[in-house]
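Asks: 137 is the number of the first residue of the sequence shown in this note's numbering; add one for each residue after it.
Bear in mind the hints are in silico, worked out from the structure with no lab data behind them. All values reported here derive from a predicted model rather than from experimental measurement. Hints are not guaranteed to be accurate.
[What the hints assert, rightly or not] The calculated BS3-like cross-link candidates involving lysine-lysine, where the alpha carbons are at most 27 Å apart (straight line), are:
1. K396 <-> K422
2. K409 <-> K303
3. K432 <-> K413
4. K389 <-> K399
5. K422 <-> K333
6. K333 <-> K303
7. K400 <-> K389
8. K432 <-> K409
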Amino acid sequence: MSVVAGAFVPYSVSRILEYDRCPRRFYFKYVEQLPEIIENTGFFGAKVHEAIAAAMRGRSDWEEILADLPYDELEEAKIKVLTAIKRSKELGKVVGVETKFALTEDMNFTDFDSEDAWFRGVIDLITQKNGYLAIWDWKTGHSKPSRFQITIYAWAVMNLLKRPVTKAGYILLTSNDVLEFDLTDEDFHLVETKLRKLINRIENDDEFSPTPGMHCAYCSYVAQCPLLEVVEAKDIPAIRNDQEACEIFKTIKVLEEKIKRYKKALNGYVEQKDSGKLRVDDGIYKVEYVPYIATKRGVDKHEFAKKVWELVQQELGDDPFSYFKLEVKTIEPFIDRFQEYVEVRKRKLFKFEESKEVKG
Numbered sequence: 137m138s139v140v141a142g143a144f145v146p147y148s149v150s151r152i153l154e155y156d157r158c159p160r161r162f163y164f165k166y167v168e169q170l171p172e173i174i175e176n177t178g179f180f181g182a183k184v185h186e187a188i189a190a191a192m193r194g195r196s197d198w199e200e201i202l203a204d205l206p207y208d209e210l211e212e213a214k215i216k217v218l219t220a221i222k223r224s225k226e227l228g229k230v231v232g233v234e235t236k237f238a239l240t241e242d243m244n245f246t247d248f249d250s251e252d253a254w255f256r257g258v259i260d261l262i263t264q265k266n267g268y269l270a271i272w273d274w275k276t277g278h279s280k281p282s283r284f285q286i287t288i289y290a291w292a293v294m295n296l297l298k299r300p301v302t303k304a305g306y307i308l309l310t311s312n313d314v315l316e317f318d319l320t321d322e323d324f325h326l327v328e329t330k331l332r333k334l335i336n337r338i339e340n341d342d343e344f345s346p347t348p349g350m351h352c353a354y355c356s357y358v359a360q361c362p363l364l365e366v367v368e369a370k371d372i373p374a375i376r377n378d379q380e381a382c383e384i385f386k387t388i389k390v391l392e393e394k395i396k397r398y399k400k401a402l403n404g405y406v407e408q409k410d411s412g413k414l415r416v417d418d419g420i421y422k423v424e425y426v427p428y429i430a431t432k433r434g435v436d437k438h439e440f441a442k443k444v445w446e447l448v449q450q451e452l453g454d455d456p457f458s459y460f461k462l463e464v465k466t467i468e469p470f471i472d473r474f475q476e477y478v479e480v481r482k483r484k485l486f487k488f489e490e491s492k493e494v495k496g
């Protein structure tokens, strides 16, 4: 399973971090090159980054970039862009926006697309203050920022420009905070050592063993992971203390998130099938579009409630409080009386039906 030395040259921060997090995920993504599920959060973040870069360069069309996002996400995206612009300019003189860099293996500068590029990346923001450079990354989500990642960028810029980089950090666009780190020569030595060790491990790895963790809940390749084949009843742990209980709690949260994502993927697959159903061992999992009654948009619900109340009191002789909340089942028998207030809609319902003999 080992790879040819230099097979992933030029290396990048994303590849290095992927391997450091889980070698098997790295193998699925970069060796087998299996397709990856792109989450909506990833698309949102990419568009916000693109718009920030455009705005920082003085382009007036940056809002048009955000138009690719769903309508209900536009306002949030715009706020993040404006926050990024404001906080970025507060950090010093802007000297670089989405700056591409590439280093040869002996730490010399080279073109980003050059054949001798050994390590490369793209830095969101470079600022200068009091003669010193600082490296920054815009964070649109809630994930925990990596000091290793931003220090790699700072190390690369220091080698490229032969100038001291004393600070690096993240502009957290969700919380409107700045997370910064002071950097020393020891930091750069440690990050270069770790970087070279990780690359050496990649090129000499014969197994690419999986490393389980919270990231499993967001992994596109979890269905192919060999860990799924070794989970048995004996793996269910006994809880002996609070620390172990906390770990179990965290594991449950991972599994719950994983189930949500499995269901979302399964439902999407079933929905796009012409038959709208999936044959399984002991039944059929299918999608149905079930009619239900809903109030029309713009309806005065107080007026509607009054009409229902009058009907129940004067004509049905029933308990009015059973109808006053306008629940669907109670209104259904006399829906024709309220056509100006309600309408029939359909909702998607996914369900599994067991059967002894499954028909196609």
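Asks: Each hint: holds or not?
Replies: Okay, the hints, checked on the actual structure:
1. K396 <-> K422: Distance of about 17 Å is within 27 Å: holds.
2. K409 <-> K303: violated (53 Å)
3. K432 <-> K413: violated (31 Å)
4. K389 <-> K399: This hinted pair holds, its Cα atoms lying about 15 Å apart.
5. K422 <-> K333: Not OK: K422 and K333 at ~50 Å, beyond 27 Å, violated.
6. K333 <-> K303: Since the Cα atoms of K333 and K303 sit roughly 24 Å apart, the hinted pair holds (cutoff 27 Å).
7. K400 <-> K389: holds (17 Å)
8. K432 <-> K409: The given pair, whose Cα atoms are some 31 Å apart, is violated under the 27 Å limit.
Consistency with the previously given hints fails for numbers 2, 3, 5, 8, ordered from lowest to highest.
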